[in-house]
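Start from chain X and add chain H according to the hints.
Going line by line, the protein sequences match chains X and H.
Residue numbering for the first sequence is 1 to 116, as defined by the numbering used here.
Residue numbering for the second sequence is 117 to 232, as defined by the numbering used here.
Hints should not be assumed to be uniformly reliable.
Each pair of labels, with its calculated beta carbon distance range [what the hints assert, rightly or not]:
no.	chain 1	residue 1	chain 2	residue 2	range
1	X	45	H	129	27 to 35 Å
2	H	125	X	84	20 to 28 Å
3	X	7	H	156	18 to 26 Å
4	X	62	H	178	21 to 29 Å
5	X	62	H	131	24 to 32 Å
6	X	58	H	145	18 to 26 Å
7	H	183	X	116	38 to 46 Å
8	X	39	H	121	28 to 36 Å
9	X	39	H	232	25 to 33 Å
10	H	166	X	65	30 to 38 Å
11	H	121	X	40	16 to 24 Å
12	H	170	X	43	22 to 30 Å
What the hints contain is simulated information worked out from the structure, not anything from laboratory work.
Cβ coordinates follow ideal geometry from the N, Cα and C atoms, glycine included.
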Amino acid sequence: SQTIHQWPATLVQPVGSPLSLECTVEGTSNPNLYWYRQAAGRGLQLLFYSIGIDQISSEVPQNLSASRPQDRQFILSSKKLLLSDSGFYLCAWSDTRTNAYNYGYTFGSGTRLTVV
Amino acid sequence: AQKVTQAQTEISVVEKEDVTLDCVYETRDTTYYLFWYKQPPSGELVFLIRRNSFDEQNEISGRYSWNFQKSTSSFNFTITASQVVDSAVYFCALSERSGGYNKLIFGAGTRLAVHP
Numbered sequence: 001s002q003t004i005h006q007w008p009a010t011l012v013q014p015v016g017s018p019l020s021l022e023c024t025v026e027g028t029s030n031p032n033l034y035w036y037r038q039a040a041g042r043g044l045q046l047l048f049y050s051i052g053i054d055q056i057s058s059e060v061p062q063n064l065s066a067s068r069p070q071d072r073q074f075i076l077s078s079k080k081l082l083l084s085d086s087g088f089y090l091c092a093w094s095d096t097r098t099n100a101y102n103y104g105y106t107f108g109s110g111t112r113l114t115v116v
Numbered sequence: 117a118q119k120v121t122q123a124q125t126e127i128s129v130v131e132k133e134d135v136t137l138d139c140v141y142e143t144r145d146t147t148y149y150l151f152w153y154k155q156p157p158s159g160e161l162v163f164l165i166r167r168n169s170f171d172e173q174n175e176i177s178g179r180y181s182w183n184f185q186k187s188t189s190s191f192n193f194t195i196t197a198s199q200v201v202d203s204a205v206y207f208c209a210l211s212e213r214s215g216g217y218n219k220l221i222f223g224a225g226t227r228l229a230v231h232p
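Chain X on its own, in the form it takes in the complex:
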């Protein structure tokens, strides 16, 4: 069965420090991968999506970047964190082999990032 792992679960970082959040998927190949952010008390905002290795698209301009060095690995990064980067970050995947349009996403457990 497919599983998605996301870490760390919580993170407190000072302003100006770098960031690296990692997400991996097991039990499938060539998944579509996504990063979402949820600011406190807000909805879900799509940050990045990827349909393949080194194929990353950004939905909104921001202080963050994403990379996909391997088929089932998706990394969210920042060189210098801002206070406004605080939030709950969720990784998700969908299956491209089936009609993934129908099935929505499976989400990871999330990373709660606090920038101080």
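Same frame as chain X, but now just chain H:
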């Protein structure tokens, strides 16, 4: 453009009350899918239901039921005899097919608090 509106920001009920969470969507697609997700305090998004645009039958799963009305572009979610464990943020989402991947458009979410 696709859009999902959850007008109820927060709902507070007493245990055993019935509660309905509203979801209104906008899309130009003739084929689309709608979803409901639950986000408990732990943060992880839990898939509840998927409904395609050609199936307007209402669905019931235990205490949960969903009313899909294409004529009013609504996909409402009712919890019967609510319980404290139902306390969570609930998200309605609409799938959009875009350039080889499926993109979920989320509503802002409705926070449900069920009090004993």
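Failing hints, ascending?
4, 5, 8
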